[in-house]
Structures are given as C-alpha cells and as structure tokens.
Amino acid sequence: MKSYRKELFFHLPTRRGLVNITKEVQDAVDASGIQEGLVLVNAMNITASVFINDDESGLHQDYERWLERLAPEKPYSQYQHNGYEDNADAHLKRTIMGRESVVAITEGKLDFGTWEQIFYYEFDGKRTKHVLVKIIGD
Amino acid sequence: MKSYRKELFFHLPTRRGLVNITKEVQDAVDASGIQEGLVLVNAMNITASVFINDDESGLHQDYERWLERLAPEKPYSQYQHNGYEDNADAHLKRTIMGRESVVAITEGKLDFGTWEQIFYYEFDGKRTKHVLVKIIGD
Amino acid sequence: MKSYRKELFFHLPTRRGLVNITKEVQDAVDASGIQEGLVLVNAMNITASVFINDDESGLHQDYERWLERLAPEKPYSQYQHNGYEDNADAHLKRTIMGRESVVAITEGKLDFGTWEQIFYYEFDGKRTKHVLVKIIGD
Chain A
81 MKSYRKELFF
91 HLPTRRGLVN
101 ITKEVQDAVD
111 ASGIQEGLVL
121 VNAMNITASV
131 FINDDESGLH
141 QDYERWLERL
151 APEKPYSQYQ
161 HNGYEDNADA
171 HLKRTIMGRE
181 SVVAITEGKL
191 DFGTWEQIFY
201 YEFDGKRTKH
211 VLVKIIGD
Chain B
81 MKSYRKELFF
91 HLPTRRGLVN
101 ITKEVQDAVD
111 ASGIQEGLVL
121 VNAMNITASV
131 FINDDESGLH
141 QDYERWLERL
151 APEKPYSQYQ
161 HNGYEDNADA
171 HLKRTIMGRE
181 SVVAITEGKL
191 DFGTWEQIFY
201 YEFDGKRTKH
211 VLVKIIGD
Chain C
81 MKSYRKELFF
91 HLPTRRGLVN
101 ITKEVQDAVD
111 ASGIQEGLVL
121 VNAMNITASV
131 FINDDESGLH
141 QDYERWLERL
151 APEKPYSQYQ
161 HNGYEDNADA
171 HLKRTIMGRE
181 SVVAITEGKL
191 DFGTWEQIFY
201 YEFDGKRTKH
211 VLVKIIGD
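Residue numbers (our numbering), protein chains in the order written: chain A, 81 to 218; chain B, 81 to 218; chain C, 81 to 218.
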C-alpha cells in the first residue's frame with residue numbers, strides 16, 4: 081500500500097468564499113502515483129468545509145443565503161461561543177456543509193460523476209487556513 | 081491491497097424517494113473478496129444522497145417533511161440556481177443528508193450496528209442516476 | 081495492508097451529551113501499529129453522531145440550542161416515527177451532525193489541525209451505545 085500527503089493553503093480576503101480545488105486534488109493524485117484507492121480531503125480548520133457539488137454561481141449564492149438562514153452570523157451575541165470570538169456561525173455553517181469528502185481513485189483519476197467538483201468553503205476568512213489531502217492505495 | 085468498483089443505477093418515477101441499497105453494497109463486498117477494509121458508497125449525481133439510518137417508514141416521512149421545511153422545493157423562483165433548472169432545493173436537501181458514507185468491512189461483512197441500513201435518497205428523479213461503490217482492503 | 085478494529089462504549093445518564101473521544105481514537109491508532117493510513121470512526125447507533133470540531137463549552141451549548149431549533153424534540157407527536165418511540169428528533173439531529181468522520185494517520189498520529197477534536201454526540205441516551213473505530217493502512 082502506498083500513501084501520499086499534501087496540504088493546500090488558503091487566505092481569502094473575505095469572511096466567506098468558495099474555492100474549486102478539484103484540480104489541486106487531482107494533481108495530488110497524479111503526484112502520488114496511486115491508481116486504485118481513496119483520497120480523503122478535509123478542512124484542518126474547524127470553521128471551513130470541504131464538500132462536493134456543482135460549480136454553478138447561482139447555486140453558490142443559494143448556499144450563501146441558505147446557510148445565513150439556518151445559522152445567521154449576526155447578532156453575534158446570540159451565541160455562547162462568541163465571548164472573545166465572533167465566529168460561532170462559522171462552526172455551525174461548516175457543520176451543515178461538512179468537514180471532509182472521501183473520493184474514489186480509479187485508474188489514477190478521481191472517480192467522479194459528470195458534475196462533481198470539490199470545493200473549499202471558507203466561513204471565517206482573512207487568515208491562513210489549510211486543507212489536508214491524504215491518499216492511500218496502490 | 082485489493083480494490084473493487086461497481087456502479088448502481090436508479091431511475092425513480094417520482095421527484096423524491098428512498099431506496100434501501102444495503103444488500104447491493106454487501107453483494108459488492110462479497111464479489112470483491114475483500115475481508116478487511118473500507119467501502120465508500122457515494123452518489124455520483126449532485127442532487128442525491130447516500131446515508132445510513134433506520135429502515136422505518138414513519139422516519140422516512142419525517143425526513144421528507146423536515147427537508148421540505150429546511151430547504152423548500154417551491155417557489156422555484158426563490159433560488160438563483162433555478163434559471164433553467166428547478167432543482168436548487170435538491171442540491172440543498174442532498175447537502176443536509178450527505179453525499180457519501182464510508183463503512184468498515186470486517187470478516188467480509190459490512191460492520192454495522194443493529195439498525196444501520198444504507199439508503200439512496202433521490203431528490204430530483206425521473207431520470208437515470210448512479211451511485212459508486214468503491215472497496216479497498218485485503 | 082494492516083487493519084485494526086475496536087468498539088467504544090457509552091452510557092450517558094442524560095438524553096443528550098458530548099464526549100471527547102480523541103484520546104481513545106489515538107490509543108486505537110497506537111495499538112494498531114499503523115503509521116500511514118485512514119481511520120473511520122462511526123456511530124453504530126442511528127441516534128448518535130461522531131463529528132470533529134472544537135472542545136469549547138460555549139460552542140457545545142450553541143450546538144445544543146441550534147439543533148433544538150432545527151429539529152425540536154417536542155412535541156413528540158409532530159413526528160410519524162414517534163408511535164412507540166420518542167426519539168425521531170434524535171435521528172434528525174444526528175443527520176445534521178453526521179454519522180462518521182474519516183481521519184488521516186501520518187507517522188502514527190491522527191493528522192489534525194490545531195483545534196480538531198473528535199466527539200461522540202449522544203441524542204438518545206440512558207442506554208448503552210457504541211462507536212466503531214476501524215483503521216486500515218501500513
């Protein structure tokens with residue numbers, strides 16, 4: 081069994097934002113030389129998500145509005161976590177979108193349906209965050 | 081390390097619906113000959129989910145009503161994604177229920193608690209959709 | 081490829097509660113002797129979650145209040161599942177928080193960001209429940 085590890089770094093200028101990381105993950109699969117296996121892609125920060133869905137800007141706006149409805153940023157005082165912090169909503173939004181995705185690797189490629197794309201979703205930006213790509217297989 | 085890949089196909093006559101796929105996944109584990117490992121089961125379409133819970137019809141009705149409350153189908157015009165599409169709610173419902181499950185394989189069997197069952201949840205049916213089963217192990 | 085399996089047991093005195101299981105999972109990784117691989121940690125009961133976030137009591141109170149808003153326990157009669165049961169809300173809360181986490185193992189350690197901690201979240205306690213830790217790698 082082979083394994084491969086890579087970190088991806090992000091520093092978004094805004095509190096929230098989406099980055100398509102499909103190519104970076106495929107690049108890691110290429111670098112690993114692994115033909116058959118699994119790749120785990122997870123946020124290493126607990127106020128960000130890795131998830132798989134469509135690269136469509138209308139949908140991304142829908143996510144933004146929907147997450148604000150389910151877990152509003154303000155007022156900050158509604159959350160116990162926000163004593164020294166103001167990012168409790170970021171922890172909740174990340175919970176909805178998920179910490180990680182696990183993707184199959186088949187014949188050296190991400191084994192995806194037509195529209196599947198991997199995204200990093202930042203909920204508490206303006207600082208450096210990171211994502212782990214861990215690959216195991218043969 | 082061995083690996084095995086199989087696709088499952090679905091064509092539901094309704095917009096939404098649940099299918100218990102536990103047996104199909106165990107059949108794939110059997111066919112793989114893998115005794116110890118992990119199986120990834122993921123929707124390959126981004127308007128459907130794979131999740132694990134109880135095979136109880138009352139609960140399935142509760143899911144349906146709950147998901148409609150958290151991410152209503154109509155009015156279609158409430159979503160930016162719904163220019164040429166009408167399925168934005170399907171993307172959001174799938175986000176709540178999840179894209180994938182990872183299950184342990186022990187002594188050739190899905191290593192499950194008493195009530196764990198794997199389901200495919202369709203949120204935008206009346207077309208052919210597919211699920212990936214990828215198994216790695218020894 | 082090596083594999084390792086362990087069950088963790090819980091019996092909480094309350095309906096809901098959080099337990100940090102990071103040390104137990106690292107102990108299992110140590111016992112496995114696996115240096116590079118993946119560990120799957122999943123609830124074996126369908127009214128409990130395994131998730132990764134911050135070990136901060138204010139945030140845990142926020143989760144509690146938020147989950148009660150998204151999937152209220154009472155009135156019990158609002159759920160079809162609650163004929164002989166009263167735990168439909170537990171199934172829904174567990175769906176939000178997730179069944180499982182997959183974590184990378186690198187050089188024999190859980191490959192975590194600074195604040196990542198693994199929790200068991202009980203939504204229907206006062207009985208014995210269990211969590212599966214399954215590790216594969218080399």
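Heads up, a few of these hints could be off.
For identical chains, the list gives no copy identity; a pair is met inside one copy or between any two copies.
[Unchecked claim] Below, computed lysine-lysine pairings styled on DSS-like, alpha-carbon distance capped at 27 angstroms:
#	residue 1	residue 2
1	Lys206	Lys86
2	Lys154	Lys82
3	Lys189	Lys154
4	Lys206	Lys103
5	Lys154	Lys206
6	Lys189	Lys86
7	Lys103	Lys86
8	Lys82	Lys206
9	Lys154	Lys86
10	Lys103	Lys154
11	Lys206	Lys189
12	Lys189	Lys82
Simulated from the structure, these hints should not be mistaken for lab results.
Consistency of the hints with the structure:
For the homomeric pair Lys206 and Lys86, the shortest alpha-carbon distance inside one copy (22 angstroms) is at most 27 angstroms, but the shortest distance between copies (40 angstroms) is not. In the homo-oligomer, the alpha carbons of Lys154 and Lys82 never lie at most 27 angstroms apart, since the shortest distance is 46 angstroms inside one protomer and 48 angstroms across protomers. Taking the shortest Cα distances, Lys189 and Lys154 never come within 27 angstroms of each other, neither inside one copy (42 angstroms) nor across copies (38 angstroms). Proximity of Lys206 to Lys103 under the C-alpha cut-off of 27 angstroms is restricted to the intra-copy arrangement: shortest distance 23 angstroms within a copy versus 32 angstroms between copies.
For the identical chains of this complex, Lys154 and Lys206 are intra-copy neighbours only, at 18 angstroms inside a copy versus 36 angstroms across copies, given an alpha-carbon limit of 27 angstroms. Within a single copy, Lys189 and Lys86 get their C-alpha atoms as close as 17 angstroms, and across copies as close as 16 angstroms, so both meet the 27 angstroms cut-off. Proximity of Lys103 to Lys86 under the C-alpha cut-off of 27 angstroms is found in both arrangements, the shortest distances being 13 angstroms within a copy and 24 angstroms between copies. For the homomeric pair Lys82 and Lys206, neither the shortest alpha-carbon distance inside one copy (36 angstroms) nor that between copies (41 angstroms) is at most 27 angstroms.
In this assembly of identical chains, Lys154 and Lys86 lie within 27 angstroms of each other by CA distance neither inside one copy nor across copies; the values are 35 angstroms within and 42 angstroms between. Taking the shortest Cα distances, Lys103 and Lys154 never come within 27 angstroms of each other, neither inside one copy (35 angstroms) nor across copies (35 angstroms). Proximity of Lys206 and Lys189 under a CA criterion of 27 angstroms is satisfied in neither setting, with 33 angstroms inside one chain copy and 29 angstroms between copies. For the homomeric pair Lys189 and Lys82, the shortest alpha-carbon distances inside one copy (16 angstroms) and between copies (17 angstroms) are both at most 27 angstroms.
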